[in-house]
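Sequence lines, in order, name chains W and H. Taking the working numbering, I'd label the letters of the first sequence as residues 1 to 109. Taking the working numbering, I'd label the letters of the second sequence as residues 1 to 119.
Quick caveat, the hints were computed from the structure, so don't treat them as lab data. For every residue, glycine included, the Cβ atom is placed at its ideal position computed from N, Cα and C.
Rough simulated footprint, nothing fancy, chain H against chain W, three-plus residues with beta-carbon under 8 angstroms: (1) 30-43; (2) 81-93; (3) 96-105.
Using 20 angstroms as the maximum straight-line C-alpha spacing, the simulated PhoX-like pairs for lysine-lysine come out as follows: (4) H/K11 - W/K42; (5) H/K71 - H/K57; (6) W/K1 - H/K57; (7) W/K68 - W/K1.
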Amino acid sequence: KQEVTQIPAALSVPEGENLVLNCSFTDSAIYNLQWFRQDPGKGLTSLLLIQSSQREQTSGRLNASLDKSSGRSTLYIAASQPGDSATYLCAVSNRQLTFGSGTQLTVLP
Amino acid sequence: DTGVSQNPRHKITKRGQNVTFRCDPISEHNRLYWYRQTLGQGPEFLTYFQNEAQLEKSRLLSDRFSAERPKGSFSTLEIQRTEQGDSAMYLCASSLVGLAGVVNTGELFFGEGSRLTVL
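So that you can see chain W by itself, here it is in the shape it has in the complex:
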């Protein structure tokens, strides 16, 4: 059974700092990996998708990497802003998505 772990569970940083969120998964036979953002009481917004054959994807200040063999992914956020405050969820896809519990990020002004 696929298990996804996200570390840290919560993170608080001052505005402008670069930061890394970590995700690990136990079964490397994945189709793709997605990072999502979730604001309180809201649905999930897709940030980045990395196909199993890819190593990384970039969108604006976000960069996600994938190392399938070691079962790890990282989400790098450059020059963090208070508007980045949210919960970030990592999910890996076999037939369906398996999610981690998320990292709750707070960016302090």
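Since the structure of chain W is already known, use the hints to place chain H on it.
Using the frame of chain W, we list chain H on its own:
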């Protein structure tokens, strides 16, 4: 098309009542998923459809839960004889996969969710 739409957004009900949630996926998407999320946790898979066929059901989906996608478009999730433990956010997502001649990434797009509170 503005994305995945879920209704109602909020539902408060008494224990023992039945509730039904509706999901309208992105129009050209052939896969539709239901997830459940409780506070502080990531979403947990419940079931998914490819067109009108229900292809997989989680063990979380007890006999009180039933999902349908009769015409391969919108889907409904019904919970019978609700219990307090059913209180959660029910999320729907859709994706496009396996279509010849089209780049299919399998990316999932989620709706805003339907929050259920069982008193």
